[in-house]
Structures are given as structure tokens and as C-alpha cells.
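So you can see what is in the structure, the chains are spelled out below.
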Amino acid sequence: MTALKSSLASPGMNPPPPPGASSKPVAAADERVGTTSWVKRFFGRPEFASISGAVLVFAFFVITAGDSGMFNLDGVVNWMQVASYLGIIAIGACLLMIAGEFDLSIGSMIGFAGMMIAIPTIYFHWPLWAAIVFAFAGSMALGWLNGYIVIKTRLPSFIVTLAFLFILRGLTLALSIMFANRTIVSGVGDLAAQDWLASLLFHGNVATGLFQWMGAHGWIAVLDDGSPLVKGVPKVIAWWLVLAAGAAFVLSRTRFGNWMFAVGGDANAAKNVGVPVRKVKISLFVFTAFCACLFATLQVCDVGSAAADRGMQKEFEAIIAAVIGGALLTGGYGSVVGACFGALIFGVVQIGITYTNINSDWFRVFLGVMLLIAVLFNNFVRSRVTEAR
Amino acid sequence: MSEHILALENVSKRFGSVLALQNITMRLREGEVHCLLGDNGAGKSTLIKTLAGVHKPTDGQYLVDGKPVVFNSPSEALDMGVATVYQDLALVPLLSVARNFFMGREPMKKLLGLVPVMDIDYAAETARDKLAEMGIMVRDPHQAIGTMSGGEKQCLAIARAIHFGARVLILDEPTAALGVKQSFNVLKLIYKARERGISVIFITHNVHHAYPVGDSFTLLNRGKSLGTFTKDTVSKDALLDMMAGGAEMQTLMSELDGVTI
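Those protein sequences? They're chains W and D, same order as listed.
With the working numbering applied, the first sequence corresponds to residues 151 to 539, in that order.
With the working numbering applied, the second sequence corresponds to residues 99 to 359, in that order.
It is worth saying that the hints were derived from the structure and are not from the lab.
Heads up, the beta-carbon is just placed ideally off N, CA and C, and yes, glycines get one too.
Among the hints, erroneous ones may be present.
Below 25 Å or equal to it, Euclidean Cα-Cα: the simulated SDA-like pairs (lysine to any residue) are [what the hints assert, rightly or not]:
id : chain 1 : residue 1 : chain 2 : residue 2
1  : W       : Lys302    : D       : Phe113
2  : D       : Lys207    : W       : Gly424
3  : D       : Lys165    : D       : Lys207
4  : W       : Lys302    : D       : Asn108
5  : D       : Lys207    : W       : Val392
6  : D       : Lys207    : W       : Thr404
7  : W       : Lys302    : D       : Glu174
8  : D       : Lys154    : W       : Asn418
9  : W       : Lys421    : D       : Asn108
10 : D       : Lys290    : D       : Gln185
11 : W       : Lys302    : D       : Lys290
12 : W       : Lys421    : D       : Val168
13 : W       : Lys421    : D       : His153
14 : D       : Lys154    : W       : Arg428
15 : D       : Lys208    : W       : Lys302
16 : D       : Lys208    : W       : Phe406
17 : D       : Lys208    : W       : Leu391
18 : D       : Lys228    : W       : Arg405
Which residues of chain D face chain W? A partial, calculated answer using Cβ under 8 Å [said to hold, decoys possible]:
id : residue
19 : Phe113
20 : Val167
21 : Val168
22 : Pro172
23 : Ser173
24 : Asp177
25 : Gly179
26 : Leu189
27 : Pro191
28 : Leu192
29 : Arg197
30 : Gly202
31 : Arg203
32 : Glu204
33 : Leu210
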């Protein structure tokens with residue numbers, strides 16, 4: 151998490167250099183400047199709502215389910231895994247939203263990408279790695295098509311990707327019936343453990359040696375045979391953290407990141423100063439599709455099957471996580487770190503609620519309320535940011 | 099080197115059957131402020147866009163430094179030092195002052211000697227210094243630009259254009275949306291730009307704003323030029339008359355004089 155923390159300091163607006171850093175006398179000339187404390191500055195940051203929300207949620211579960219095993223290592227891995235899956239697509243959705251566009255086809259893309267892996271592997275006997283490469287290429291091509299149509303027609307991305315939500319879901323169902331005559335294609339699990347690409351990147355855990363070692367020293371719970379109860383960090387968590395750190399870095403520190411904010415904030419202004427608006431938007435549609443395919447690949451390798459209904463409603467969850475994380479629906483503002491905390495809130499609540507006495511039917515109610523509060527709060531933050539201080 | 103840094107010779111622009119500009123001739127001398135005056139619908143916008151490289155003239159010649167040019171895009175005009183500041187200023191309200199200043203032309207540095215990243219400290223410092231030169235103290239270059247006033251934003255857009263090598267600055271109605279005091283600041287800004295040797299084309303329909311800072315004036319009416327006048331050959335009232343269509347203005351004045359309440 152250190153990478154995440156260090157990138158906290160950047161997206162959108164950066165904290166000014168420390169007072170001693172600039173020797174320019176002009177800087178200190180305005181007597182109207184009040185010093186803003188870091189607390190105040192934190193209040194004005196896009197990720198404020200999601201971080202404080204996450205703190206509240208943690209506090210709630212520590213109180214209500216603190217002794218239930220939710221915060222044991224296996225419990226933590228459990229909800230972290232849920233948060234990671236969502237986090238991966240939330241990062242894609244967040245960047246795309248910052249650039250001023252939506253992708254409602256994320257969920258359908260997950261189902262479709264899963265089938266692009268499972269059907270060639272099981273029914274055409276492709277090696278798994280080839281099917282995975284095929285799925286990534288196929289998904290990203292579809293992402294490009296989404297973006298291309300949005301840019302060319304100038305239709306709202308909401309409508310274009312809504313169409314793809316149905317097209318891809320329908321195709322997933324129709325093609326899986328056509329090729330496999332069933333809607334669940336299983337048998338990928340064993341192949342994933344043997345395949346070089348899948349076992350290297352998508353199947354199983356990382357840091358297994360470390361966990362073995364910690365188990366041997368009695369620092370973490372072990373099974374009867376001496377092997378640790380939790381074998382390692384599931385690869386999905388590692389992917390999430392790496393992707394989050396990378397995306398946060400690109401967004402806050404690079405030229406491309408600046409362009410994302412620019413095209414989302416005002417595409418016309420960005421175009422007039424020479425930002426390649428089309429290129430930025432289309433490549434983010436492709437990145438979002440990449441995230442959806444990564445989700446699908448990790449899920450197929452982990453669960454061992456693909457199903458036509460996978461990823462149902464995930465597009466909304468991803469957008470909710472991004473919005474809780476401070477992204478504005480109108481674009482030009484948001485934070486990868488915020489979106490990740492939004493996803494974390496999801497994971498903690500969805501799993502945590504089963505550790506409490508609360509009926510898990512309340513999960514959705516909670517989500518809706520959380521979303522509403524976050525949007526109201528973000529509105530307030532935006533008006534603070536754009537009004538004179 | 100030609101005496102005129104930028105010139106249009108008998109330029110016409112047609113959109114289908116609409117003749118937006120007819121035989122416009124306009125010459126900008128180096129280091130002068132040239133005001134382009136015209137009422138709504140006079141063809142000012144088309145003329146700006148032709149100068150900026152958005153439109154290509156249907157007929158006639160566009161010369162920069164005395165050489166004919168054909169711009170395929172605004173960025174080609176920019177490369178020749180012809181920068182246009184539009185009314186919307188091409189600023190993104192949610193982005194910081196520093197990021198707006200360098201939007202599309204981000205200063206880069208290598209992180210750890212390897213990874214290309216934006217040099218945000220340099221951007222902030224430069225933006226603050228350049229604005230200070232224009233007489234605007236930025237409280238915090240990392241604050242969103244939405245916090246600035248209209249005049250300050252105009253100033254930022256102009257400072258940005260100058261910083262990126264503008265020799266000719268085309269200002270599209272810079273005072274249209276501003277209050278009295280802020281308009282005055284923008285006029286001062288135009289004067290400062292001229293002092294630094296930058297040639298300015300100042301588009302406006304407000305003669306009271308144009309006359310104090312302008313060296314020469316071109317009047318547009320319904321797509322045609324009514325001629326170019328230097329300041330020593332024309333009075334403010336004469337300009338006002340021409341803009342309102344001379345005789346019409348006289349009649350209007352006399353009608354208004356007769357009004358009693």
C-alpha cells in the first residue's frame with residue numbers, strides 16, 4: 151500500500167511546494183493569502199469521501215464483528231479479494247469517467263471475455279495461453295470499437311455503451327449455446343494450474359514462500375499438516391495493487407494523465423491547445439476493456455469456469471466505486487485512489503455483513519445510501535474547489 | 099522581411115452559397131495593436147478563424163512575414179507564432195492554474211532518470227512568474243482555475259500564448275464578458291504585450307475599448323471591409339459613426355433627441 155499512499159498527494163491538484171522551496175519574492179506578495187492547513191486541504195481532495203467512508207465502515211465492523219474472524223488473515227484475504235475484483239474494473243471506469251465518458255458494457259465484457267477464454271480452450275483445444283491472449287485482443291478491440299463509435303458519432307457514450315451492454319450479453323449467451331450448447335463452460339481450472347501464462351500471472355497466489363515461512367514460525371494460522379491456512383496473497387489482489395499504483399501514477403504525474411483531466415474537463419478547450427482528444431478517449435475505452443478482460447481472466451482461472459451471466463451489473467458497481475471515490479459524472483475530476491477505496495468499501499461491506507447479525511439483503515440498501523451520500527458530498531467538494539478561497 | 103508581419107490580401111470566404119467574407123484586405127505591422135471592429139454578424143468570427151488556421155480562405159492570400167501561407171490546422175498557425183485566444187479561453191475550470199498553463203505542452207522531466215513525468219514544480223513556478231509579469235498575483239498555482247475571476251483567466255490565456263512564443267496575438271472579444279475594471283486590466287495587458295514587441299489583433303465591437311489601445315482600425319460590415327484607418331487619421335466619433343452605419347446613426351440620434359417623456 152505504500153505506493154498508493156505516496157500517490158495520494160497528487161491527482162488533480164498538487165499540494166504546493168513547502169514554504170521554503172520557492173525563493174521567488176512574488177509568491178509571498180499577496181497579503182490576502184491565508185495559510186491552509188493540511189486538514190483543510192484533505193477536505194478538498196476528491197478521495198476524502200471514500201477514505202473517510204472506509205474508515206467509518208471499518209469502525210462499524212470492528213465494533214459489530216470484531217471478534218468474528220472477519221479481521222483474521224483468512225477473513226482479510228476474503229474481503230480483499232472481493233474488493234480487488236471490483237477495484238480492477240473501478241480503476242478503468244474511474245479513468246474513463248475522468249476523461250468524460252462512461253462505459254456501461256464493462257459487466258457484459260466480463261462475461262464475453264470469460265467465454266472467449268473458455269470456449270476456445272475447452273471446445274477447440276487451444277492452449278490456454280493462446281485463448282487468454284485472444285480474449286485480451288478481442289476485448290480491447292471491442293473497447294476500441296466502443297470508443298471509435300462514441301467519437302465518430304458524437305453520441306453520448308452512455309447510449310453507445312448501453313447498446314454494447316445488450317449486444318455483448320446477448321452474444322455471450324447465443325455463442326456459448328451455439329458452440330458449447332450450455333451457458334456454463336467449466337474445466338479450465340486444472341488447465342490454468344498447468345498453463346505457463348495462466349499459472350504465472352493469473353492463477354493462484356503470490357508470496358507463498360513468505361506465508362510458508364511465517365506459518366513455520368507460528369506467526370500465522372496453520373493447518374494440521376503444517377502448511378499455512380492462507381497460502382499466499384491471491385494474484386487478483388496483487389494485480390489490483392499494481393494496477394492502482396500504476397494508474398494513480400499515470401494520472402497524477404504524467405502528460406497523459408494531464409490530458410485525461412483536460413479532455414474530461416473541457417474537450418473543446420483541450421482540443422484548442424493541441425491535446426489529442428480522440429486518442430486519449432479511445433485509449434481509455436481500450437483500457438477499460440482491458441480491465442474487464444483482466445477481471446474475467448482472473449475469475450476464470452480462479453473459479454475454473456466461465457458463465458454467460460458473469461459480471462452482471464458490475465458496470466454499475468464499478469461506476470459507484472468511482473463516484474464514491476470522488477469522480478464527477480461530468481468528467482474532469484476524480485481519483486484512482488478514491489475509486490480503490492470505493493471498491494474497498496464494497497468488499498468490506500459485502501463480506502463483512504455476513505459476519506454480523508444483519509441480514510445480507512440490506513447490502514444493496516447500504517450501497518444506494520452510500521452512493522447518494524457520496525454524490526451529495528462530492529458536489530459540495532466541487533463547489534469548494536471551483537469557488538474562490 | 100516584410101513590413102507587415104501578417105497580412106490578408108483580398109481574402110474571401112464562402113460557406114456554400116453564403117459569402118461570409120468579401121475581399122478583405124488587412125495588414126498588421128510589426129508591434130502594433132490592430133483593432134478589428136464590427137457589429138454582430140459582420141464576419142468577425144470567420145475572419146478570426148481564417149487567421150487562426152481553422153478556415154482556409156476561398157480566395158485571396160494569407161501572408162505571414164510577407165510569404166504566402168496555407169494553414170491546415172490551428173497548430174500550424176501556432177508554429178508560425180500566430181496564437182489565438184478565443185472567448186472561451188481554452189481553459190479547463192477544474193484543472194489547476196499550473197496544469198492549465200501547460201495544458202497540451204506539458205514540461206517533462208525524467209523520474210530517476212528513466213520515467214518521463216510532468217515537471218509540476220517547474221510548471222507551477224513558471225505559471226506564477228509569467229502571471230506576475232502580467233501583474234497578477236496567483237495565490238496558489240495549484241488551485242483550480244475556477245477560483246479565478248474572468249479578467250485573471252483572460253490574463254492567464256494571454257500569458258500562456260506569449261510564453262509559448264506568440265509573435266502575433268489574436269484576441270477574440272477579450273472584454274466582452276468583463277466588468278469595467280476588469281476590462282481596463284485587459285486593455286492594460288494588451289498595452290503591455292505591445293511594449294514587449296508583440297503584435298496584437300484585438301477584435302471587439304466596443305470602440306471605447308478599442309480606441310485607447312489601438313494603433314490602427316479595420317472596420318467590418320456585413321462581410322466587407324470599410325477600410326483601415328490609423329489613429330491619427332480617424333477620431334473615435336468617426337469610428338463610432340462608421341460602425342453604426344454613419345447616416346443611420348444620425349437619424350437615430352435625431353429621433354432619440356426628439357423623444358420627450
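Do the hints match the structure? See the list:
For the hint linking Lys302 of chain W to Phe113 of chain D, the alpha-carbon distance of about 23 Å falls within 25 Å, and the restraint holds. The suggested pairing of Lys207 of chain D with Gly424 of chain W holds, with an alpha-carbon distance near 20 Å, which does not exceed 25 Å. With a C-alpha separation of about 37 Å, the suggested pairing of Lys165 of chain D with Lys207 of chain D is violated against the 25 Å cut-off. Note on Lys302 of chain W and Asn108 of chain D: the hinted pairing is violated, with a Cα-Cα distance of about 36 Å set against a maximum of 25 Å.
A C-alpha spacing of about 23 Å is found between Lys207 of chain D and Val392 of chain W, which places the hinted pair at or below 25 Å, so the restraint holds. Annotation: proposed proximity of Lys207 of chain D to Thr404 of chain W holds, straight-line Cα distance about 10 Å (limit 25 Å). Distance restraint check for Lys302 of chain W and Glu174 of chain D: the Cα-Cα separation of roughly 24 Å lies within the 25 Å cut-off, and the hinted pair is therefore satisfied. Under the criterion of a C-alpha separation no larger than 25 Å, the hint pairing Lys154 of chain D with Asn418 of chain W is consistent with the structure, at around 20 Å.
Under the criterion of a C-alpha separation no larger than 25 Å, the hint pairing Lys421 of chain W with Asn108 of chain D is inconsistent with the structure, at around 30 Å. Among the hinted pairs, Lys290 of chain D with Gln185 of chain D is consistent with the structure: their alpha-carbon atoms are about 20 Å apart, no more than 25 Å. At roughly 43 Å between alpha-carbon atoms, Lys302 of chain W and Lys290 of chain D are farther apart than 25 Å, so this suggested pair is violated. For the proposed pair Lys421 of chain W and Val168 of chain D, the alpha carbon gap of about 20 Å is at most 25 Å, so the pair holds.
A distance of roughly 16 Å separates the Cα atoms of Lys421 of chain W and His153 of chain D; the hinted pair therefore holds under the 25 Å criterion. For the given pair, Lys154 of chain D sits about 23 Å from Arg428 of chain W by alpha-carbon distance, which is consistent with the 25 Å threshold. Restraint check for Lys208 of chain D and Lys302 of chain W: the C-alpha separation of about 35 Å exceeds 25 Å, so the hint is violated. The hinted pair formed by Lys208 of chain D and Phe406 of chain W meets the criterion: a straight-line CA distance of about 15 Å does not exceed 25 Å.
With a C-alpha separation of about 24 Å, the suggested pair Lys208 of chain D and Leu391 of chain W falls inside the 25 Å cut-off, and the hint holds. Annotation: proposed proximity of Lys228 of chain D to Arg405 of chain W holds, straight-line Cα distance about 21 Å (limit 25 Å). The restraint placing Phe113 of chain D at the interface with chain W is violated, with a minimum CB-CB distance near 20 Å, outside the 8 Å limit. The interface hint given for Val167 of chain D is violated, since its Cβ lies 19 Å from the closest Cβ of chain W, which is over the 8 Å cut-off.
Look at Val168 of chain D: its Cβ only gets to about 19 Å from chain W, farther than 8 Å, so that hint breaks. Satisfaction of the interface hint for Pro172 of chain D is found here, the shortest Cβ-Cβ separation to chain W being roughly 7 Å, below the 8 Å cut-off. At a threshold of 8 Å, the smallest CB-CB gap from Ser173 of chain D to chain W is about 5 Å, leaving the interface hint in force. The closest approach between the C-beta of Asp177 of chain D and any C-beta of chain W is roughly 10 Å, which is over the 8 Å cut-off, so the hint fails.
Hint status for Gly179 of chain D: violated, given a least beta-carbon distance of 15 Å to chain W, over 8 Å. Given hint, Leu189 of chain D at the interface with chain W, holds; its Cβ is 6 Å from that chain's nearest Cβ, closer than 8 Å. Interface hint status for Pro191 of chain D: upheld, as the beta-carbon distance to the closest one in chain W is roughly 6 Å, under 8 Å. About 5 Å separates the beta-carbon of Leu192 of chain D from the nearest beta-carbon of chain W, less than 8 Å, and the hint is met.
Annotation: Arg197 of chain D was flagged as interfacial toward chain W, and the flag holds, the nearest CB pair being 6 Å apart, inside 8 Å. Here the hint on Gly202 of chain D is kept, as its CB sits about 4 Å from the closest CB of chain W, short of 8 Å. Of the supplied interface hints, the one on Arg203 of chain D holds, with its beta-carbon coming within about 7 Å of a beta-carbon of chain W, less than 8 Å. This hint holds: Glu204 of chain D has a C-beta 4 Å from the nearest C-beta of chain W, less than the 8 Å allowed.
This hint is violated: Leu210 of chain D has a C-beta 12 Å from the nearest C-beta of chain W, more than the 8 Å allowed.
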